[in-house]
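**Student:** If you want the building blocks of each chain, they are given just below.
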Amino acid sequence: DAKTTQPTSMDCAEGRAANLPCNHSTISGNEYVYWYRQIHSQGPQYIIHGLKNNETNEMASLIITEDRKSSTLILPHATLRDTAVYYCIVEGSNYKLTFGKGTLLTVNP
Amino acid sequence: GAGVSQTPSNKVTEKGKYVELRCDPISGHTALYWYRQSLGQGPEFLIYFQGTGAADDSGLPNDRFFAVRPEGSVSTLKIQRTERGDSAVYLCASSLTRTINTGELFFGEGSRLTVL
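Top line first, the protein sequences correspond to chains A and B. Under our numbering, think of the first position of the first sequence as 1, with each following residue one higher. Under our numbering, think of the first position of the second sequence as 110, with each following residue one higher.
To be clear, the hints were calculated from the coordinates, so they are not data collected in a lab. Check the hints yourself; a few may be wrong.
Label-pair restraints from in silico Cβ distances [stated by the list, open to error]:
hint: 1; chain 1: A; residue 1: Ala13; chain 2: B; residue 2: Gly112; range: 38 to 44 Å
hint: 2; chain 1: B; residue 1: Ala164; chain 2: A; residue 2: Pro7; range: 45 to 51 Å
hint: 3; chain 1: A; residue 1: Thr5; chain 2: B; residue 2: Arg131; range: 20 to 26 Å
hint: 4; chain 1: B; residue 1: Ser167; chain 2: A; residue 2: Thr56; range: 33 to 39 Å
hint: 5; chain 1: B; residue 1: Phe175; chain 2: A; residue 2: Asn53; range: 40 to 46 Å
hint: 6; chain 1: B; residue 1: Lys187; chain 2: A; residue 2: His40; range: 39 to 45 Å
hint: 7; chain 1: B; residue 1: Ser167; chain 2: A; residue 2: Ile74; range: 17 to 23 Å
Note that beta-carbon positions come from the ideal geometry of N, C-alpha and C, so glycine has one too.
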């Protein structure tokens, strides 16, 4: 599976949009981009995934560049409860997700 | 609730002892995963079941680790002759079906294992 690069940490003000970047320059054509988050002392929680097109659900939006070498997860109105480690994962056809260290997003009041 | 249930939530044992960790997946989920997470790290893949069979056990660190899912539902992760380095949170996840990709994994809260 393609390796991902994410910033170690980010801060965001409550009520503002949080934009979390992810680089996956070695992604191949059949690999999906997944985002999970992990709030302290809990199991990871699925957020969203996509292949080529931008995706939106009730939690977030996923913007994938046209060359698919990077993506951005957008939380449109961050709340204090969104403070968590966010993992960007590229998954191919081997049915397992390989987690990196992720980005610690801290939402400040 | 109807989520993934893991027991025990905490387990403290002594070096050299045998440990079993249990996972009850969401009803009807055919795929089941075990991960382990050390402090400050992301979850590390251990094993993946599709139904009763282990489809991929490439993440098991050595032969002290073994997992079963005899009826395609509940799974047990077994660790023999525990070592201090086995201390971690062991996470279980399940998903509805095997499609062209992993799909949405539903994780449990984890079992925290401490080996003294």
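**Student:** If a hint holds in the structure, say so; if it does not, say that too.
**Tutor:** Right, here's what the structure says about each hint:
1. A:Ala13 to B:Gly112: 38 to 44 Å: For Gly112 (chain B) against Ala13 (chain A), whose Cβ atoms are near 32 Å apart, the range 38 to 44 Å is violated.
2. B:Ala164 to A:Pro7: 45 to 51 Å: violated, 34 Å
3. A:Thr5 to B:Arg131: 20 to 26 Å: At 36 Å between Cβs, range violated.
4. B:Ser167 to A:Thr56: 33 to 39 Å: Cβ of Ser167 (chain B) to Cβ of Thr56 (chain A): about 34 Å, so the range 33 to 39 Å holds.
5. B:Phe175 to A:Asn53: 40 to 46 Å: Given about 41 Å between the Cβ atoms, the range holds.
6. B:Lys187 to A:His40: 39 to 45 Å: Violated, at about 28 Å.
7. B:Ser167 to A:Ile74: 17 to 23 Å: Between Ser167 (chain B) and Ile74 (chain A), where Cβ atoms are some 34 Å apart, the hint is violated.
Checked against the numbered hints above, the structure violates hints 1, 2, 3, 6 and 7; every other hint is satisfied.
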